[in-house]
Amino acid sequence: MTTVHKCIKNQMSCFISIIIFFIIMSQALDDVLESALNVALKSGYRHIDTAVAYKNEHVIGKVINEWISSGKVTRDELFIVTKLPPFSNRASDVDRVVEKSLKDLQLDYIDLFLIHTPFTVIAEDESNYGTMKIDPSTDNLATWKELEKQVDCGRIKAIGLSNFNIKQIQNVLDNCRIKPDNLQIEHHLYLQQPELVDFCKDNGIVVTAYSCLGSKNNREKMAINWAKELPEMLENEEVLSISKKHGKTPSQVLLRYIVQRDIVVIPKSTNPERLALNIKLFDFELDAEDMETLKN
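First residue of the sequence shown: 1, per full-length UniProt numbering; consecutive thereafter.
In silico lysine-lysine, BS3-like type, Cα no more than 27 Å apart, as pairs: (1) Lys72 - Lys157; (2) Lys268 - Lys42; (3) Lys280 - Lys268; (4) Lys157 - Lys62; (5) Lys280 - Lys248; (6) Lys145 - Lys201; (7) Lys244 - Lys280; (8) Lys167 - Lys201; (9) Lys295 - Lys244; (10) Lys280 - Lys201; (11) Lys157 - Lys201; (12) Lys62 - Lys268; (13) Lys72 - Lys42; (14) Lys103 - Lys62; (15) Lys133 - Lys100; (16) Lys149 - Lys167; (17) Lys55 - Lys72; (18) Lys62 - Lys42; (19) Lys179 - Lys100; (20) Lys248 - Lys295.
If you anchor each label on the Cβ, the simulated ranges turn out as follows: (21) Thr74 - Asn203: 28 to 34 Å; (22) Ala142 - Lys55: 22 to 28 Å; (23) Phe284 - Lys201: 23 to 29 Å.
To be clear, the hints were calculated from the coordinates, so they are not data collected in a lab. Positions of the beta carbon are idealized from the N, C-alpha and C atoms, including for glycine.
The whole structure should be built from the sequences, with the hints applied where relevant.
Here is the structure:
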């Protein structure tokens, strides 16, 4: 059992132990992802975040099986996260999806399994998200109870949520037998969601930030005009100034800001140089002035 797993399972506040192991998440081509995963593991990454919807569990399974078989790592040194896809967010699908994920990942158990979205979609073709429509009969509580059963039988070690708001999380907390261990949300300089983060901390739920360096695709799709007018986070004047002050890259400053607020980060990259830089966050610390500047 990794330090990460112990922290999440025990709902402890030793966040620095959680974030020491970064997570690599990617929706890349198979060969690119395979290469990136090998680089990440060689660099010290041990926490891998994926999802059924990313359609890459089979690649991740191949790589981690090779690493375990060769003795480079042991299973308990790895922390693997995957998610129930939006088109299977229903109680009747949980067992089948978990079984398929275990098979593709070539694992006996999954460390952390999340409900990817608080809604379910009906898809004529699960490979084409353009054919989706929302299923109004979504029942997150029924789905959650099935996930609790997966924990009971040992196929999953911990369960959590993704993209849920406070009201939706509270509904689970009020009706669950096993509390959510983790909430994964979009979280970055321009979307800090302090109320949601504080709510999770008050309820012993570890927060994980995705798109923590921003998302070009999301940015281009955003309809809010002011968001389009904001400078790229990596080009923000305050970020550049703090970066120069500490002799670090803008991305390292942005990641350190999140980490220093006790939030797990999952920087998405398949670039070997960026993978190496993103994990080097623990040889500097932002001071109170830096933190206040970035907070505002």
